[in-house]
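Asker: Here is what each chain is made of, one letter per residue.
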Amino acid sequence: MVDAFAYVPAIVALPFVSFLVALAFGKYLPKGGAFGGIAATAGSFLLSLWVLATVAAGGQHVETLYTWVSTDGIAGGIGPQEIELTFGVLIDPLSALMLVIVTLIAMLVHVFSLGYMNDEGEPDLPRYYAGLGLFTASMLGFVVADNLLMAFMFFELVGLCSYLLIGFHFREPGPPSAAKKAFLVTRFGDYFFLVGVVAVFATFGTASFAGSESFPVLAEHALAGEFDAWTPFGLEAGTWFTAVGLLVLGGAIGKSAQFPLHTWLPDAMEGPTPVSALIHAATMVAAGVYLVARMYGFYVLTPTTMAIIAFVGGFTALFAATMGLVKDELKQVLAYSTISQYGYMMLALGAGGYVAAVFHLMTHAFFKALLFLGAGAVIIAMHHEENMWEMGGLKEKLPVTYWTFLAGSLALAGIFPFAGFWSKDEILYEALVHGLNEPLLLGAWAMGLLAVPVTAFYTFRMVFLTFHGEPRTDVARDPHPVRWNVKGPLTVLGVLAVVAGTVNMVPVQKVLGIEGIDLLHLWLDGHYGGFSELTSHHYAELGPYSSGYIAGGEVPTVLIGAGVSLALALGGLGLAWKLYNVAEPAEHTAALGGVKTVLYNNYYQDELQVRLAGVTAGVASAADTFDQGVIDGVVNGVSSVSLVSGDRIRRVQTGVVTHYAALLTLGVTGLILVLGVLGGWFL
Amino acid sequence: MIIEALIAFTFVSAMAVLLAPDEWAGRLAFALSLVPFLGSLFLWARFDGSGNALTGGELAFETQIDWIEVGGYTIQWFVGLDGISLPLVVLTAFLVPLAIVSAWTPIDDRQSQFYGLILFMEANLIGVFAALDFFAWFVFWEAVLLPMYFLIGVWGGPRRKYAAIKFFVYTNAASLVMFLGFMALVFSLPVETFGLPEVTQSIAAGELGSFYGIPAETIGLVAFVAMFAGFAVKVPMVPVHTWLPDAHVEAPTPASVLLAGVLLKMGTYALLRFNFTMLPDQASTLAVPIAALAVISVIYGAMLALAQQDLKRIVAYSSVSSMGYVILGLIAFTVYGVGGATFQMVAHGLISGLMFMAVGVIYNATHTRMVTDMSGLADRMPVAVWILVAGAFAYMGLPLMAGFAGEFYVFVGSFGSPVANGLMPVFTALAMFGIVIVAGYLLFAMQRTLFGPFRLDTDYELGRAPRRETLPLAALLVAIIVLGVAPDLFFEMIREAVVPVVEGGVN
Chain A
1 MVDAFAYVPA
11 IVALPFVSFL
21 VALAFGKYLP
31 KGGAFGGIAA
41 TAGSFLLSLW
51 VLATVAAGGQ
61 HVETLYTWVS
71 TDGIAGGIGP
81 QEIELTFGVL
91 IDPLSALMLV
101 IVTLIAMLVH
111 VFSLGYMNDE
121 GEPDLPRYYA
131 GLGLFTASML
141 GFVVADNLLM
151 AFMFFELVGL
161 CSYLLIGFHF
171 REPGPPSAAK
181 KAFLVTRFGD
191 YFFLVGVVAV
201 FATFGTASFA
211 GSESFPVLAE
221 HALAGEFDAW
231 TPFGLEAGTW
241 FTAVGLLVLG
251 GAIGKSAQFP
261 LHTWLPDAME
271 GPTPVSALIH
281 AATMVAAGVY
291 LVARMYGFYV
301 LTPTTMAIIA
311 FVGGFTALFA
321 ATMGLVKDEL
331 KQVLAYSTIS
341 QYGYMMLALG
351 AGGYVAAVFH
361 LMTHAFFKAL
371 LFLGAGAVII
381 AMHHEENMWE
391 MGGLKEKLPV
401 TYWTFLAGSL
411 ALAGIFPFAG
421 FWSKDEILYE
431 ALVHGLNEPL
441 LLGAWAMGLL
451 AVPVTAFYTF
461 RMVFLTFHGE
471 PRTDVARDPH
481 PVRWNVKGPL
491 TVLGVLAVVA
501 GTVNMVPVQK
511 VLGIEGIDLL
521 HLWLDGHYGG
531 FSELTSHHYA
541 ELGPYSSGYI
551 AGGEVPTVLI
561 GAGVSLALAL
571 GGLGLAWKLY
581 NVAEPAEHTA
591 ALGGVKTVLY
601 NNYYQDELQV
611 RLAGVTAGVA
621 SAADTFDQGV
631 IDGVVNGVSS
641 VSLVSGDRIR
651 RVQTGVVTHY
661 AALLTLGVTG
671 LILVLGVLGG
681 WFL
Chain B
1 MIIEALIAFT
11 FVSAMAVLLA
21 PDEWAGRLAF
31 ALSLVPFLGS
41 LFLWARFDGS
51 GNALTGGELA
61 FETQIDWIEV
71 GGYTIQWFVG
81 LDGISLPLVV
91 LTAFLVPLAI
101 VSAWTPIDDR
111 QSQFYGLILF
121 MEANLIGVFA
131 ALDFFAWFVF
141 WEAVLLPMYF
151 LIGVWGGPRR
161 KYAAIKFFVY
171 TNAASLVMFL
181 GFMALVFSLP
191 VETFGLPEVT
201 QSIAAGELGS
211 FYGIPAETIG
221 LVAFVAMFAG
231 FAVKVPMVPV
241 HTWLPDAHVE
251 APTPASVLLA
261 GVLLKMGTYA
271 LLRFNFTMLP
281 DQASTLAVPI
291 AALAVISVIY
301 GAMLALAQQD
311 LKRIVAYSSV
321 SSMGYVILGL
331 IAFTVYGVGG
341 ATFQMVAHGL
351 ISGLMFMAVG
361 VIYNATHTRM
371 VTDMSGLADR
381 MPVAVWILVA
391 GAFAYMGLPL
401 MAGFAGEFYV
411 FVGSFGSPVA
421 NGLMPVFTAL
431 AMFGIVIVAG
441 YLLFAMQRTL
451 FGPFRLDTDY
461 ELGRAPRRET
471 LPLAALLVAI
481 IVLGVAPDLF
491 FEMIREAVVP
501 VVEGGVN
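Line by line, the protein sequences are chains A and B. FYI, full-length UniProt numbering numbers position 333 of the first sequence as 333, with every residue one higher than the one before it. FYI, full-length UniProt numbering numbers position 482 of the second sequence as 482, with every residue one higher than the one before it.
No lab work stands behind these hints: they were computed from the structure. Here the structure is a predicted model, which means the values were calculated and not measured. Any given hint might turn out to be false.
Here are the simulated distance ranges between beta carbons [claimed, not checked]: (1) B:M1 - A:G670: 29 to 35 Å; (2) A:A591 - B:D379: 15 to 21 Å; (3) B:V12 - A:L666: 19 to 25 Å.
Positions of the beta carbon are idealized from the N, C-alpha and C atoms, including for glycine.
Given the sequences, and given the hints that come with them, work out the whole structure.
Answerer: Now the structure itself:
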């Protein structure tokens with residue numbers, strides 16, 4: 001039998017080859033190398049499906065492929081543990097699912113790019129497709145990574161690719177600045193991540209995710225007193241693990257754009273729209289949440305870390321959603337919705353809802369890719385106008401875009417029975433039942449719940465302003481038509497946004513008692529294939545939470561929870577309907593008063609960061625003054641005090657090579673003499 | 001005899017180039033410099049050493065003959081390579097031909113002397129890394145200064161005289177301090193040669209005695225501090241670094257490439273050999289101040305780079321920062337720490353070489369290096385610019401490029417290191433913040449100069465950089481990626497050579 005797992009490296013390698021091909025031969029290829037990219041991602045997608053099927057048939061796989069640094073021939077016991085650094089693949093239900101999501105979105109983004117980039121006559125297409133290929137390859141390498149170091153390395157490459165693609169239009173002033181900001185802010189998070197990686201190696205001597213010698217398992221043993229983990233400053237193992245977990249979390253907060261490192265993401269809209277879709281749905285931003293899910297066995301061991309993750313997530317969900325309320329540009333609304341939705345995923349992870357988080361990661365990937373590509377279609381139609389106030393009434397002109405965008409919006413707003421409803425509802429449910437015994441978690445849940453109507457409101461404000469009412473400009477009256485390469489990806493994702501929720505209908509299962517329709521739970525719990533230490537029930541056993549119910553039981557809790565969140569979502573939708581689903585909508589934001597200014601300026605965090613950068617620059621220039629004035633001043637002072645010697649040096653410097661050669665010979669002779677004298681030669 | 005043959009060939013080449021006419025001195029020097037490069041590859045392929053040269057390991061290509069008898073001491077001609085010195089020899093022999101090619105465009109005056117000096121310097125650099133007798137080593141060490149002094153003083157920028165004298169006097173004064181320290185050490189030992197292995201093993205055997213009534217412990221500590229101070233200037237570490245930016249800014253591109261690429265490594269190499277291998281106990285005693293100095297070098301150097309407007313000054317200060325990582329790795333006394341430091345020497349040699357060369361290419365075309373004078377160069381000279389971008393990311397420690405490997409090993413090695421009273425996690429975490437600052441100043445500089453709308457404030461037509469300027473950049477980039485993907489090419493032999501050093505330190 002042919003083993004699907006033998007082809008896992010090819011899943012990563014194919015987009016990488018497409019990167020090389022586009023880079024080297026792109027300008028000689030039709031469409032600037034687009035077909036190579038499509039073929040490569042399609043190949044990866046098919047292979048990923050095969051891998052998924054193999055896992056479904058009971059497979060799992062972990063294998064070391066390449067030893068980056070071997071420890072052959074080195075005696076053990078020197079300083080910290082001898083550490084081998086390797087690259088390998090880990091295929092379990094989580095990574096197999098993620099592979100399918102990433103390759104699918106990447107493939108659709110490649111196809112869509114034909115319409116968005118090629119048909120629009122963009123220059124430098126080989127560079128664009130090379131960037132997409134490398135981006136996809138880096139993300140896939142990150143997904144299959146079997147240890148934390150490899151994950152970090154591909155995580156950084158993902159950051160590089162985002163830099164290259166966000167700054168794609170480098171001839172304009174905006175994109176290079178946004179690219180720099182994206183890399184720098186996420187680098188700040190990655191600093192903590194790297195310290196965390198180093199700490200994991202120092203503590204456990206390994207960074208493997210899976211197996212009995214993996215660091216989450218070793219941490220488990222260490223807490224049970226069965227393994228002697230290294231800790232600095234004589235810390236308790238539990239305290240130190242909390243610190244390590246928080247350090248790694250820094251990377252996740254940066255990449256997944258959680259508060260306070262989210263500011264790069266709205267700026268990243270400077271990149272081409274298909275790139276935004278890729279970054280937000282399947283690659284860079286997803287990487288942070290995926291990282292936490294990947295090493296969830298480690299996080300569940302430390303309650304403090306879990307609480308912080310939940311709180312950061314819940315806060316980000318609400319905080320970002322409020323900023324989305326007043327934005328004028330289509331992509332800006334979507335940007336804040338991305339931050340907010342990843343906040344929900346973090347909330348789920350912190351609340352012990354591992355499956356819920358992965359579920360939302362999946363449904364969000366579909367509907368957010370859909371919304372971004374839909375926004376891209378609108379932008380094509382509007383001749384690269386992004387301000388929603390210049391649009392209106394596009395519904396009739398762009399039916400495919402409208403209906404698919406509507407499906408995505410209903411999913412984002414969490415309206416039954418669209419995909420986002422199921423996943424968001426499960427997150428809030430998990431946070432509620434676990435939070436009833438944990439006040440901090442309950443606070444995070446409350447923020448998540450409060451964000452629901454806000455989300456529904458800004459989503460439908462966007463839909464109504466863009467597609468409903470009367471066209472407000474000439475361009476909106478006569479939009480540019482889009483072709484199959486735009487409609488195709490939209491249709492695929494539109495269908496997924498409607499039906500993807502059916503893989504995990506937990507409320508239905510709980511209320512009606514139908515077994516087996518919570519497929520994703522079974523999937524991530526290793527019912528088909530997978531490693532026992534990476535299953536959701538194992539995480540639940542390790543986790544710090546116990547469940548509590550309201551109104552006397554599980555079923556009422558499910559029903560009340562779903563009912564409340566659906567009602568809130570519908571409320572937000574209804575308000576948006578009332579205010580903006582009219583022929584000539586007004587802004588209505590004046591009612592917010594001063595709040596509007598605050599929201600419009602993103603709570604002045606960008607100003608804060610600019611000020612921080614200014615302070616850093618001030619410190620740097622003070623250091624420079626100190627260096628030139630004091631340190632170098634002393635050096636120059638010493639030399640000018642010894643004026644005589646300075647004078648000699650000036651005379652020595654004759655510029656004639658033979659003089660210097662003579663001096664050198666003299667010096668050597670003198671040296672021998674000194675040696676002789678000191679050694680007692682002449683005594 | 002192959003090491004001697006290489007050194008001798010390079011000396012003879014230097015003479016030949018000195019005598020050649022200016023028109024084709026550059027070509028001739030390049031052709032001749034390929035011989036030591038191929039020779040170094042041969043050394044690499046045939047390398048059969050094991051262990052550390054100083055602690056009695058098996059040397060490769062060893063020659064040891066008595067040379068001069070002085071005052072009861074035998075001066076030897078003693079050369080040989082181990083896993084620490086071989087990578088540095090290869091680095092030197094690889095960088096020199098590329099530096100020569102990078103000189104073709106900007107050097108238009110007294111070429112034969114220029115290229116002759118470069119080859120003369122190469123011969124001495126190989127000598128520094130291969131010599132295992134203090135006397136020969138010191139002669140090579142000092143003789144490296146001379147050509148660099150001229151390269152800066154004759155072909156340099158407007159303030160070349162100041163920079164050249166500062167470089168020469170500063171590093172020479174440092175050599176004196178170091179020399180006295182080493183001599184104090186040797187005269188307190190019952191050895192009969194200046195052979196570095198003999199000295200090392202004698203100290204390890206506990207034979208350090210008193211000298212003129214000064215107790216052995218004091219001698220050891222004073223010698224350590226003197227040698228450390230001497231070598232720290234060469235590295236350079238804060239606060240003895242101020243000669244470096246001046247030297248770099250005034251030096252012509254090829255001199256900068258070799259200065260940053262190889263000459264700075266002489267300092268860290270000597271620290272590893274003399275201070276950390278010979279006197280591990282003293283190093284452990286002083287671990288806290290040394291680690292603190294390393295952290296200060298990293299952070300302060302990076303902050304200085306952040307304040308600069310001259311591209312070359314930015315790269316120069318970032319060298320101070322990167323060399324801080326090397327010191328941090330050395331003081332850790334772990335295999336990853338010391339090995340990573342050694343690997344970082346090679347990695348930084350390639351990366352800083354690439355950066356200086358790329359800045360040189362920009363300068364050749366624009367005749368300015370000021371960040372404020374230009375923007376949007378990517379539009380006009382794409383190949384050079386994108387290689388520069390790749391080099392900048394290598395500098396920031398992007399994985400799968402050589403810089404990440406070196407830095408990561410240092411971090412892994414130093415974080416869990418038992419030295420410095422268990423404070424190494426703190427020092428390491430502080431030093432690691434350098435990876436954020438380096439990203440800051442390089443990304444800002446790139447955004448302003450390479451991207452955005454095209455603008456150039458100097459009156460020069462800007463076209464694509466010629467191939468002979470971009471090919472050396474590409475060669476360096478390939479080497480950086482190869483070493484980043486397969487660091488074991490060097491790291492394996494480095495590890496073997498540093499294990500005895502580490503064992504000496506954790507006793």
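Asker: For every hint, state whether the structure bears it out.
Answerer: Okay, the hints, checked on the actual structure:
| no. | hint | in the structure |
| --- | --- | --- |
| 1 | B:M1 - A:G670: 29 to 35 Å | 30 Å, holds |
| 2 | A:A591 - B:D379: 15 to 21 Å | 47 Å, violated |
| 3 | B:V12 - A:L666: 19 to 25 Å | 24 Å, holds |
Comparing the model with each earlier hint shows a violation of hint 2 alone; every other hint is respected.
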